[in-house]
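Student: Using the hints, put the two chains back together into the complex; each one sits in its own frame.
As given, the protein sequences belong to chains A and L, one line each in that order. Per our numbering, residue 1 is the first one in the first sequence, and the count goes up by one each step. Per our numbering, residue 1 is the first one in the second sequence, and the count goes up by one each step.
Rather than coming from a laboratory, the hints here were simulated on the basis of the structure. Treat the hints with caution; some may be incorrect.
Derived, one-sided and incomplete: chain L residues facing chain A with beta-carbon distance under 10 Å [as the list claims (entries may be wrong)]:
1. G249
2. Q490
3. P562
4. A564
5. G679
Simulated restraints on C-beta separations [as the list claims (entries may be wrong)]:
6. L/G272 - A/Q121: 36 to 44 Å
7. L/P428 - A/Q121: 27 to 35 Å
8. L/G572 - A/G110: 46 to 54 Å
9. L/T14 - A/G122: 21 to 29 Å
Some residues of chain A that are not near chain L, with every Cβ distance over 10 Å (derived) [what the hints assert, rightly or not]:
10. E44
11. E96
12. R111
13. R167
14. L189
15. R192
16. Q195
17. R198
Every residue gets a Cβ at the ideal spot worked out from N, C-alpha and C, and that includes glycine.
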Amino acid sequence: MAQRVRIDAAVVRGSIPWTETKEPSLEILRVVEPNSDAVREAMEIAFFLNGTPVKLDVAPDRRVVDLLREDLGLTGTKEACGTGDCGACTILVDNESRLSCLMLAAQLDGRTVATIEGLSQGESLHVIQEAFIECGAVQCGFCTPGMVASSVDLLHRIPSPTRQEIRDGFSGNLCRCTGYQKIVDAVELAVRKLQEDR
Amino acid sequence: MTVDRDFERIYRGTLAIGSPVPRVDAFDKVTGRQIFAADYYSPDMLWAGVKRAGIPHGRVEYLHVERATSLAGVHAILTHEDVRGSNRQGVVRKDQPVLCNDKVRHCGDAVALVLAESKEVLRQALDLVGVGLEPLPAVFDAEQAMKEGAPLVHEDHEAGNILLEGHLKTGAGEDARDECDILIEACFKTPRQEHAYLETEVGWAQMGDDGRLTIVCSTQTPFRDRAEVAEALGLKYTDIRIIAPYPGGAFGGKDGVTVQSLLGLAALHSGGRPVKMWWGREESFVCGTKRHAATMYYTLGAKSDGSLHYLKVRLYLDTGPYDHLGGVVLALGLEHSGGPYRIPNVVLDGWCAYTNNPIGGAFRGFGVTQVTAAMEQMMDMLAEKLGMDPLNLRLRNAVKTGDRNFVGKTLVNSTGVTECLEVLAAHPLWKEKDAWKSSADTFKKRGVGIAALMHASGYGPFVPDFANAKIQLTEQGKVRVYCGVVDMGQGNASTNLQIVGSILGQDAAHIELVQPDTDRTLPSGSASASRCTYTFGNALIGAAGILKERILQRAADLLMAPDAKHFALVPGSVRHLRDGRELPLSLVAQYLNESERVAVYRFRVPVAGEVMPVGEDLRLHGFPHTLFSYGAHLAYVEVDELTGKVSVERYLAVSDCGTVINPQVYEQQIHGGIAQGVGFALSEEFQVKEGRVLTPGFSTYLIPTAADVPEMESIPVQLYEQTGPFGLKGVGEISTNGPLPAISNALFDALGAREGEYPLTPERVARVIGAGDWLNASGSMLRW
Numbered sequence: 001m002a003q004r005v006r007i008d009a010a011v012v013r014g015s016i017p018w019t020e021t022k023e024p025s026l027e028i029l030r031v032v033e034p035n036s037d038a039v040r041e042a043m044e045i046a047f048f049l050n051g052t053p054v055k056l057d058v059a060p061d062r063r064v065v066d067l068l069r070e071d072l073g074l075t076g077t078k079e080a081c082g083t084g085d086c087g088a089c090t091i092l093v094d095n096e097s098r099l100s101c102l103m104l105a106a107q108l109d110g111r112t113v114a115t116i117e118g119l120s121q122g123e124s125l126h127v128i129q130e131a132f133i134e135c136g137a138v139q140c141g142f143c144t145p146g147m148v149a150s151s152v153d154l155l156h157r158i159p160s161p162t163r164q165e166i167r168d169g170f171s172g173n174l175c176r177c178t179g180y181q182k183i184v185d186a187v188e189l190a191v192r193k194l195q196e197d198r
Numbered sequence: 001m002t003v004d005r006d007f008e009r010i011y012r013g014t015l016a017i018g019s020p021v022p023r024v025d026a027f028d029k030v031t032g033r034q035i036f037a038a039d040y041y042s043p044d045m046l047w048a049g050v051k052r053a054g055i056p057h058g059r060v061e062y063l064h065v066e067r068a069t070s071l072a073g074v075h076a077i078l079t080h081e082d083v084r085g086s087n088r089q090g091v092v093r094k095d096q097p098v099l100c101n102d103k104v105r106h107c108g109d110a111v112a113l114v115l116a117e118s119k120e121v122l123r124q125a126l127d128l129v130g131v132g133l134e135p136l137p138a139v140f141d142a143e144q145a146m147k148e149g150a151p152l153v154h155e156d157h158e159a160g161n162i163l164l165e166g167h168l169k170t171g172a173g174e175d176a177r178d179e180c181d182i183l184i185e186a187c188f189k190t191p192r193q194e195h196a197y198l199e200t201e202v203g204w205a206q207m208g209d210d211g212r213l214t215i216v217c218s219t220q221t222p223f224r225d226r227a228e229v230a231e232a233l234g235l236k237y238t239d240i241r242i243i244a245p246y247p248g249g250a251f252g253g254k255d256g257v258t259v260q261s262l263l264g265l266a267a268l269h270s271g272g273r274p275v276k277m278w279w280g281r282e283e284s285f286v287c288g289t290k291r292h293a294a295t296m297y298y299t300l301g302a303k304s305d306g307s308l309h310y311l312k313v314r315l316y317l318d319t320g321p322y323d324h325l326g327g328v329v330l331a332l333g334l335e336h337s338g339g340p341y342r343i344p345n346v347v348l349d350g351w352c353a354y355t356n357n358p359i360g361g362a363f364r365g366f367g368v369t370q371v372t373a374a375m376e377q378m379m380d381m382l383a384e385k386l387g388m389d390p391l392n393l394r395l396r397n398a399v400k401t402g403d404r405n406f407v408g409k410t411l412v413n414s415t416g417v418t419e420c421l422e423v424l425a426a427h428p429l430w431k432e433k434d435a436w437k438s439s440a441d442t443f444k445k446r447g448v449g450i451a452a453l454m455h456a457s458g459y460g461p462f463v464p465d466f467a468n469a470k471i472q473l474t475e476q477g478k479v480r481v482y483c484g485v486v487d488m489g490q491g492n493a494s495t496n497l498q499i500v501g502s503i504l505g506q507d508a509a510h511i512e513l514v515q516p517d518t519d520r521t522l523p524s525g526s527a528s529a530s531r532c533t534y535t536f537g538n539a540l541i542g543a544a545g546i547l548k549e550r551i552l553q554r555a556a557d558l559l560m561a562p563d564a565k566h567f568a569l570v571p572g573s574v575r576h577l578r579d580g581r582e583l584p585l586s587l588v589a590q591y592l593n594e595s596e597r598v599a600v601y602r603f604r605v606p607v608a609g610e611v612m613p614v615g616e617d618l619r620l621h622g623f624p625h626t627l628f629s630y631g632a633h634l635a636y637v638e639v640d641e642l643t644g645k646v647s648v649e650r651y652l653a654v655s656d657c658g659t660v661i662n663p664q665v666y667e668q669q670i671h672g673g674i675a676q677g678v679g680f681a682l683s684e685e686f687q688v689k690e691g692r693v694l695t696p697g698f699s700t701y702l703i704p705t706a707a708d709v710p711e712m713e714s715i716p717v718q719l720y721e722q723t724g725p726f727g728l729k730g731v732g733e734i735s736t737n738g739p740l741p742a743i744s745n746a747l748f749d750a751l752g753a754r755e756g757e758y759p760l761t762p763e764r765v766a767r768v769i770g771a772g773d774w775l776n777a778s779g780s781m782l783r784w
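In isolation and in its complexed conformation, chain L is listed as follows (with noise of 0.2 Å):
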């Protein structure tokens, strides 16, 4: 079960940092030979699948499985009797059950499990397995979970449907609102958004005959699903191995388990035969989570010069039936509720809290994305009412290192926003957009947007956020990488052997690479929160040079010279400076024993000084961060008058991300956000009515095709962060947060008017045509 690559047959080049080296995994993709956890079969293998609650609120009455269990071919099915350990899954809270005992709270819930020769049996026993509900009212908005009376979705929890909710005041608070000379107020709601990963959750697990538990399965957390599937079945942490190869596709959707506690479930009572699960389309989006639905009430105040004064957000989210990342998504979108601006005076106000719709999670943007598009808005219309140039309004209030941000941390790090925008300024889509805007043909009109963007890397103060690099010294004279953090598309597996192989002064057919597996590598963390590269890259660079000092140490030894300095690695060996004689490293790594052989470096990532006003419970949540990546975007958009479809025609991305490892695997990172962006702002809306998903698979979910998606320009400003590996920060996430409000600021360049309810759809574009003005979300017309 080695997931060993040998990165020689696809590239011959260095591994230079800054060099566009093609990516390791990128030979076995395009062959068709990467197995995927997907890809998983074995002889003997059984199929595992969930029965679901298919209401959205009920209290299990019974469960009978009499028939489904008599059906030839089906081999057992279970239920939360069959569950030993605590049966609760949660990152932070545990409030969702393996398989439901006492109520089902989303149509997703699982109420019971089932195990089968084929695929064919496991659907007609599923279909037989009797699930008695007895409906119980139910919860779909969070403003209204939050009223008094509502039905509660967990009777245990102390703080009603609230989960989370966090208040932060700067300076002079509601106080400073009489102060401004201007003052606007708006209301956006953005929608639930799939993440639509081409693979499904899926995975295979077996029982070892030495009594362990194997589940190999697409996700971005081995460690911590080995800590969850543990607890929940009743099991010894290290009796669980966790292997993750490559996902096929993940974006914050497998942050967290999905299949691994059912699967390992399933294996405990399959007789030690192997089992596979992968869930449906439609499984995947009834039951994976989403991007959390949210509710912004914004105003923002400024002096008649055009600096901000004064900020007031009230933030809801739908977090559905349970906490997953709710929490840390509430306190990420406060946290970035104001922008990369300085504003002396704040008030927010934030509740996540649970109804009984779909589960709302991580998505790359993690409430940035929300925030983002209602801010980015309100800058453009102060800009308006100010007569000012967007661009110049921005520039006005950018933050700079040095400067207290809107929540008031002190930016200690580099903050490139500036940069950004003065690079935009200055780029030809943005000083020829007139030109472009006054060449539309009848019935189009044009409109060019823009957005500031800024968005934290890692997990705030209070969780850890570290990283532990392994490297060995292969007895081949190779050095193999150990990756603690799972690379999901976004290309960290083959950064990591980069910064290695620069260090070692190694080239591919030098370096090998080990996928994550809790029994193989090293606990590091999660791949989100933009986090991967800057904190495994950082224990990396730890790890390489403990292992080149010994490795030219032992050599020095060897040849009985007096100063390990005179020498230096090169591809497969170590040279003598002086006299120019060489060891390979084969040799080398004879003469030292396997301890030796192998270094691991841990690191910590740096944390906010500063202790801000927010309550434990939100500084538990991750805020505030210290580190930040910034950009700025514009769009050019065009608008059908006649039937209110948009197009985005150009798009223009400057990001402040630190140094370019590589500028490929860089650039495809601000692409694929950027697509995934005008997805979220012009056609993907995910319909649910009293819980139920009206839109469960592609032909009415509308992700982008290569048709929806306009060509691109990924420009970066290379600002050197003095702790980030090789300079670099987070790139990971940022570009998701542009495109929403940049296109919807493009729409009113076009149109004059503006809609607070997304997707702009041709539907609510037209609407807009028609009403000549801004729309509420709530579909009231508000004049300003």
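Extracted from the complex, chain A is given alone in its bound form (with noise of 0.2 Å):
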């Protein structure tokens, strides 16, 4: 039986992973149970989690959106086919965007990750998350995680996209509400704001 723990918000809202470069100190933060009753051998992974470095005991085959889930009570990070072919499970694996629902837990060791609820910290936004909703790119808002993931993703490779090329860069995430237009808008005002603060 899986054992549920949720990190502390406090936690995990911690700094922003790209910008992080303290050095892992490996304190145990939480042990997850293997989850099922097949013989498995648990695995010690370590990681950095949203600024935050954790150390678990998972069964190496568990998914990582199943970790992150149901285990850690990560659920901004979404699960809409189990396939790989919507998008919807993106998440940032040392800065580029990976499918969630692709990887095994075993592939997150010695990474460094970045969920949905580590791109904010507190009521303070990523500017990528700002623009979405001043530009209303979001409606029923269940890919938005990974469109938000794809997105600063897309700025890291192409600091100023066309929006052809904006339009390419998510063109792995699938939206059924918006018809995608204002989420170009927003990725556009983004790449705006971030060529003001500089």
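Tutor: The structure is reproduced here in structure tokens:
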């Protein structure tokens, strides 16, 4: 039986991970039990999660999306297909977008992981999150965390994308509500805001 | 389990009507803090899952559960024998079992329910449940299903496989055919469409110590769900509580029960433990409802001056094995089958038939998407035969207020199709289309197409279409709005706050929201039928007015002022306009009884005055409506002559949906509808072979990505609708109906040829390019 643990919000909403430079202290935060009765050796993994070092005992074939949502209570990451087709489960691993439904827990060992919960600090939002709100890029919101993560990844790769590059940039993230136009607008706005800040 | 949200942290501006107020739900959705039904987990929770039939039609011979039951971690396995109530669900006709008892009628039918300690054990246990099914002859086509001797889907249904039929004759009927100078005939087939909401069907349930069942689920219809679950499971209506967080998309696919009864049954057998059920993507595709596949035979006749004279329609819808809302979809389809035009002589015949295909049900557009695809292409074909400009032909026949529309209903509300067409005609995209078309590259052809649209709102004359708004002045002096209608992404929750805030003079800091919950909010109907803001908004205006009067009167009493008229509500306070004294709302709240601090108001939608000669059955299913939104769409389309690939380059949507309360939310609705319509037109082919779904996921069923949707422009024609809240009409569905006919008309403009079967995949378009002429839906060539 899976043991559900919830990391304190304050811990999860630490500093934004790609600015994180401190050495991992490897203090154990929580231990997660292997989640099924199947014969599986638990494995110890250590990684940065939203800026905080974590060390977990986990079944190595536990899907990352299940680890995040069910074991760690980080339900901001969504699952909508389980086959890598829709992008709703997108997270950032070492600053690159990855599909957490196609990753196993063991693959997180030694990495820096950011979920949607780690992109904002309290009431202070990531510039892309702000732009999503301002531009009306959010409707039902189920694709939104993955869209935001993919947009962050896009701006890492292409700091000043064209509209077509933005469209291509998150063409792996399906949205059924918005028709995408306001999401493209939001990424453009985020780029402008970032350039103004410079 | 409160879902109250504080609006102030995202918005400090006014809530004025017409202002693009950011959505109240946006902050929690961009930060991942929004808790959807899918996000409910709890310690000690069991997972529930369903054993499905796997064959399209068969008699249930046996269910072997012993092996699965003996698996470690399996808590219970339930069958129809465990269902105490009617074991039947359905919005109109109760024909869908919770768990099949005698027969399975489509591949996705539920035969057993498994409760397990983990998802992994659940998967293993479902494999071990033995289902013995004796295959029965099946039927997979609506027209075939209606023939003598076709296998019966429901033996107890008097009309055989005909769920509902509808007929209407106006004017001289068939006799008018000979009076036409020109006649166009064609057949169109539109396919099923999958909703493909990102959040698949999901819920969480628990029996409380008090014997009450709580279900948290992704639904458009919490109040109706409560009644359905109660009847199917044999529970007391008031012993069920349904909580509806924001669904992760719905579009009609959650208009009616999905997981609800199954979850309720699971919770009755979990020993008090919470249970969760979450359909996978394939399960959602196979078992959820779809837009009805339609076959449409059209004859349209006109005089040589371009005035429409005669329309004959035969409409066949495939509803799969269950009614769901199939009859209502048929009625609405028939009512829109002639478009926003005056046509004096009309013969309409429609049938909705049972088959062993996946279930047909509600999907944004609701029958109108299908008939608009046909009628708006008929208009272009007629324009071509007449040598008339297609826009002028539409303008010539467009309905105006005071006209009878093509079913004979007098239009007494705002009617803006002419205004929409005129705005389109004056737009640069229309004026400069020839220059754009002539600048196509080698092996590319370009075309421009239009479509005129209408879409009714509400339930029609028979089923009571009402909303009950509830607003509370809290002890803290905030205004709390209890939403009775679900916001599945369309933004009506935010619009509700805007309406109340503007009437009560409050800003975002002083207004709160409660999401639909059968224990806390009041019954207000479904989140469907382009009705949400029109109906609930009108109720809110009434409730806000009552609360305002109470607050002002109490303030006047407290300050010993002679007249409440001398007071105004300002954010957080009541101000005496003559001497400037202010009372905080928190103080006024202390001097009001709890019952005085709550205002409720019921609004019922006005219905058509006339009784149409369509028979009681069609009236019961909603025929006719009285309030319509209108639109005119334009598509710029480029075709690759070598591959047949069609791309939409630009898109314009002009819409008459009354006054716009929030321009941002309005545009979201228009954009989203267009994108779904583009998918329906070009790529979404829900393939079913002998009842089996061949496209069970996103890698085979292609919904548009960001790279597939054009840049869209939305222009509202803001005619004031006198019955609407602040002049508003429904905007939720209409834009879904435009893309298929506009794109297909543009394709004809580019190629001089047309395809009658959809979507317009590269394979089909290449075939059209090869044939060089009109292809009928059957694939045979038709020349006119």
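Student: Report the numbers of all earlier hints that the structure fails to satisfy, in ascending order.
Tutor: Violated: hints 3, 4, 7, 13.
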